[in-house]
Amino acid sequence: MKNFWQNLPKPIIALCPMCGVTDLPFRLTCKKHGADVVYTEMIMVQALAYKGKKTLKLAEISKKEKPVVLQLGGNDPKLFYKAAKFAAEELKPDGLDINFGCPAKKVAGHGSGVALLRDLNNSYEIIKAVIEATKNTIPVSVKTRTQIKSKDKSKTITSLDFLDKIKDLPVAACMIHGRSFEAPWIEEVDYDFIKQARQHFKGIFLANGGIYEPETAKKVLEITGVDGVGIAHGVYGRPWIFKQIKEYLKKGSYTELTWPEKRKIALEHAKLAFKHKGPHGLLELRKQLLWYVKGLPNATDYRSSLVQLDNLKEIKKALKEIKA
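Under the UniProt record's numbering, read the sequence shown as residues 1 to 324, first letter to last.
The hints are simulated quantities; they were obtained by calculation from the structure and are not laboratory data. Check the hints yourself; a few may be wrong.
[Claimed, not checked] Beta-carbon label-pair distances, calculated as ranges: (1) K167 <-> A324: 48 to 58 Å; (2) K155 <-> K323: 49 to 59 Å; (3) Y212 <-> Q6: 22 to 32 Å; (4) Y212 <-> H280: 21 to 31 Å.
[Unchecked claim] Within a straight-line C-alpha distance of at most 27 Å, the following computed BS3-like cross-link-like pairs (lysine-lysine) qualify: (5) K105 <-> K78; (6) K66 <-> K92; (7) K106 <-> K54; (8) K105 <-> K155; (9) K195 <-> K165; (10) K167 <-> K135; (11) K275 <-> K243; (12) K92 <-> K82; (13) K287 <-> K66; (14) K202 <-> K85; (15) K10 <-> K167; (16) K10 <-> K51; (17) K195 <-> K218; (18) K82 <-> K54; (19) K82 <-> K165; (20) K64 <-> K32; (21) K85 <-> K53; (22) K10 <-> K251; (23) K195 <-> K243; (24) K317 <-> K277; (25) K277 <-> K85; (26) K32 <-> K57; (27) K32 <-> K320; (28) K243 <-> K10.
Keep in mind the model is a prediction, meaning the values are calculated, not measured. We put the CB at the ideal spot given by N, CA and C, even for glycine.
Work out the full structure, taking the sequences as your base and the hints as a guide.
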């Protein structure tokens with residue numbers, strides 16, 4: 001098996017999977033600006049198994065973004081097997097990741113994502129099915145959270161229980177978001193828990209949650225002793241954060257980009273969105289354009305105009321008119 005995880009420079013700085021965010025254009029942008037490994041958006045196995053047209057577009061990958069990990073979501077081992085087999089043979093990502101961490105109601109509410117921790121036997125069977133489907137030709141990884149309460153609230157299932165359950169399976173990498181299902185965004189990230197969890201797993205281990213600045217990335221690496229970090233919301237409007245983190249780890253300081261530099265990256269992102277997704281890609285890009293101008297003087301005025309743009313010429317003109 002070609003396990004790219006073992007060949008990545010450490011610490012690994014990864015782009016986390018995020019629905020509606022980490023599409024191909026954004027992944028290519030992050031890759032260009034220092035991401036060591038990128039994850040696709042979560043692809044539901046029931047859709048991929050039956051090769052839905054929209055799903056295949058969502059699962060599109062490029063050689064230019066390698067190594068790229070395709071993330072799968074769902075709760076049925078049989079569908080995971082079918083989807084993983086198709087992905088490995090036809091889509092050819094560098095790795096497959098299984099989502100055991102999504103707290104969204106539309107995902108966890110149907111027994112997928114972090115809700116899978118409530119049935120560790122089924123979780124085990126899902127991972128086993130993916131490994132068997134790929135014939136162990138590409139690495140399989142998992143992404144999860146610290147814990148979730150059982151349906152009747154009588155007990156708490158943690159990712160330590162999960163990692164102990166799957167310890168005999170050849171899982172190549174694990175990423176843990178340091179918050180629980182019950183308070184997915186508001187509670188403090190539990191880096192001490194991640195440090196403890198690291199001791200329960202023998203493969204590559206990544207920490208995720210609350211990393212918005214290079215200084216925090218360094219702190220997390222020092223506290224947890226992990227092999228790398230995954231950047232999620234901290235990359236909103238800042239695909240260059242990967243380079244900044246690497247610069248800070250090496251030199252103790254990092255370069256802040258000027259608005260003209262940021263504008264150039266935003267426009268490159270827009271061009272990629274149009275190239276790979278057509279006019280619809282530019283509509284999807286609107287929210288990311290808002291992230292790019294966050295923090296600028298008069299940002300509110302710029303945001304109201306950016307949400308109305310639908311072609312490259314208008315986007316280029318609007319970005320050029322923005323003054324820092």
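Hints and how they fare:
Checking the proposed 48 to 58 Å range against K167 and A324 shows it holds: the Cβ atoms sit about 51 Å from each other. At about 56 Å, the beta-carbon gap between K155 and K323 stays in the expected band of 49 to 59 Å. The supplied range of 22 to 32 Å is met by Y212 and Q6, whose beta-carbon atoms lie about 29 Å from each other. At about 30 Å, the beta-carbon gap between Y212 and H280 stays in the expected band of 21 to 31 Å.
A C-alpha spacing of about 23 Å is found between K105 and K78, which places the hinted pair at or below 27 Å, so the restraint holds. A distance of roughly 11 Å separates the Cα atoms of K66 and K92; the hinted pair therefore holds under the 27 Å criterion. Taking the CA atoms of K106 and K54, the gap is about 19 Å. The hint holds against a cut of 27 Å. Between K105 and K155 the alpha-carbon distance is near 20 Å, which keeps this suggested pair within the 27 Å criterion.
At roughly 18 Å between alpha-carbon atoms, K195 and K165 fall within 27 Å of each other, so this suggested pair holds. Under the criterion of a C-alpha separation no larger than 27 Å, the hint pairing K167 with K135 is consistent with the structure, at around 19 Å. At most 27 Å may separate the alpha-carbon atoms for a hinted pair to count; K275 and K243 meet this at roughly 25 Å. Restraint check for K92 and K82: the C-alpha separation of about 14 Å stays at or below 27 Å, so the hint holds.
Distance restraint check for K287 and K66: the Cα-Cα separation of roughly 26 Å lies within the 27 Å cut-off, and the hinted pair is therefore satisfied. Distance restraint check for K202 and K85: the Cα-Cα separation of roughly 25 Å lies within the 27 Å cut-off, and the hinted pair is therefore satisfied. A hinted pair counts as satisfied when its Cα atoms are at most 27 Å apart, and K10 with K167 qualifies at roughly 23 Å. A C-alpha spacing of about 36 Å is found between K10 and K51, which places the hinted pair above 27 Å, so the restraint is violated.
For the given pair, K195 sits about 14 Å from K218 by alpha-carbon distance, which is consistent with the 27 Å threshold. Simply put, K82 and K54 have alpha-carbon atoms about 18 Å apart, close enough for the 27 Å limit, and the pair holds. Under the criterion of a C-alpha separation no larger than 27 Å, the hint pairing K82 with K165 is consistent with the structure, at around 23 Å. Restraint check: the Cα-Cα separation between K64 and K32 comes to about 9 Å, which is no more than 27 Å; the hinted pair holds.
Under the criterion of a C-alpha separation no larger than 27 Å, the hint pairing K85 with K53 is consistent with the structure, at around 17 Å. Restraint check: the Cα-Cα separation between K10 and K251 comes to about 16 Å, which is no more than 27 Å; the hinted pair holds. For the proposed pair K195 and K243, the alpha carbon gap of about 25 Å is at most 27 Å, so the pair holds. The straight-line distance between the Cα atoms of K317 and K277 is roughly 21 Å, inside the 27 Å bound, and the hint therefore holds.
The hinted pair formed by K277 and K85 meets the criterion: a straight-line CA distance of about 26 Å does not exceed 27 Å. For a cut-off of 27 Å, the pair hint linking K32 to K57 stands: about 22 Å separates their Cα positions. Restraint check: the Cα-Cα separation between K32 and K320 comes to about 22 Å, which is no more than 27 Å; the hinted pair holds. A threshold of 27 Å between alpha carbons decides the hint, and for K243 with K10 the separation of about 14 Å falls inside it, so the pair holds.
In summary, the structure is inconsistent with hint 16 from the numbered list given earlier, while agreeing with all the others.
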